[in-house]
Amino acid sequence: QKEVEQNSGPLSVPEGAIASLNCTYSDRGSQSFFWYRQYSGKSPELIMSIYSNGDKEDGRFTAQLNKASQYVSLLIRDSQPSDSATYLCAVMFSGGYNKLIFGAGTRLAVHP
Amino acid sequence: DTGVSQNPRHKITKRGQNVTFRCDPISEHNRLYWYRQTLGQGPEFLTYFQNEAQLEKSRLLSDRFSAERPKGSFSTLEIQRTEQGDSAMYLCASSRSQGNEQFFGPGTRLTVL
Numbered sequence: 840q841k842e843v844e845q846n847s848g849p850l851s852v853p854e855g856a857i858a859s860l861n862c863t864y865s866d867r868g869s870q871s872f873f874w875y876r877q878y879s880g881k882s883p884e885l886i887m888s889i890y891s892n893g894d895k896e897d898g899r900f901t902a903q904l905n906k907a908s909q910y911v912s913l914l915i916r917d918s919q920p921s922d923s924a925t926y927l928c929a930v931m932f933s934g935g936y937n938k939l940i941f942g943a944g945t946r947l948a949v950h951p
Numbered sequence: 096d097t098g099v100s101q102n103p104r105h106k107i108t109k110r111g112q113n114v115t116f117r118c119d120p121i122s123e124h125n126r127l128y129w130y131r132q133t134l135g136q137g138p139e140f141l142t143y144f145q146n147e148a149q150l151e152k153s154r155l156l157s158d159r160f161s162a163e164r165p166k167g168s169f170s171t172l173e174i175q176r177t178e179q180g181d182s183a184m185y186l187c188a189s190s191r192s193q194g195n196e197q198f199f200g201p202g203t204r205l206t207v208l
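First to last, the protein sequences are chains A and B.
Taken in order, the first sequence gives residues 840 to 951; the numbers are from the numbering used here.
Taken in order, the second sequence gives residues 96 to 208; the numbers are from the numbering used here.
Some hints could be false.
Claimed, not checked - Just a few of them, taken from the derived set where beta-carbon distance is under 8 Å, the chain A residues facing chain B:
1. Pro883
2. Leu885
3. Ser888
4. Gly893
5. Lys895
6. Leu927
7. Met931
8. Tyr936
9. Leu939
10. Phe941
11. Ala943
12. Gly944
Because the hints were derived from the structure by calculation, they are not lab data.
The beta carbon of each residue, even a glycine, is placed where N, CA and C say it ideally should be.
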């Protein structure tokens, strides 16, 4: 069974710190990986996509991918209280007609 | 660039009733997806359309669920004879044919009493 695992949290960090969110996946053939942010009661919002091993930076966000270890992470620098949300890791598994398999999400709380 | 829209945003129904939801994808996106999300879980794939063709349907989707995308534009998701276990947020997403990034609509929250 194809799975995506995340620590449910909550992950609590002080304002200005780096938040590190982690995700592992079961299908070694997966090629596309995504991070979504979801505020309570709202729908998921795409914040990062990554397809190649290594780091990809976009503003305060950095996604890291290690296909050999089947591991993807999201770093949020200079965390702000407005970053408090649930972060969903999503994987597009091979042979799956582009459907996304989501983890259950990690709840991040940034406190002033 | 108008995003994905969904209607209604909220639906309360009694057990046994039929409900229908609508999704309008981003205009140039020919791929459309339906997901369902319950509290504390990530979205769960339901079905996928490329243009008007329904190419994949989750085995978790019972025969009470049906989806259509008749002209390759908007899509509808119908649930017949609703059950309390159908209570969830129903999410629609769309993507370009040449890209993998999926963008979600605001969702329809269904409550079955």
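Output the numbers, in ascending order, of every earlier hint that fails for this structure.
-> 4 and 5
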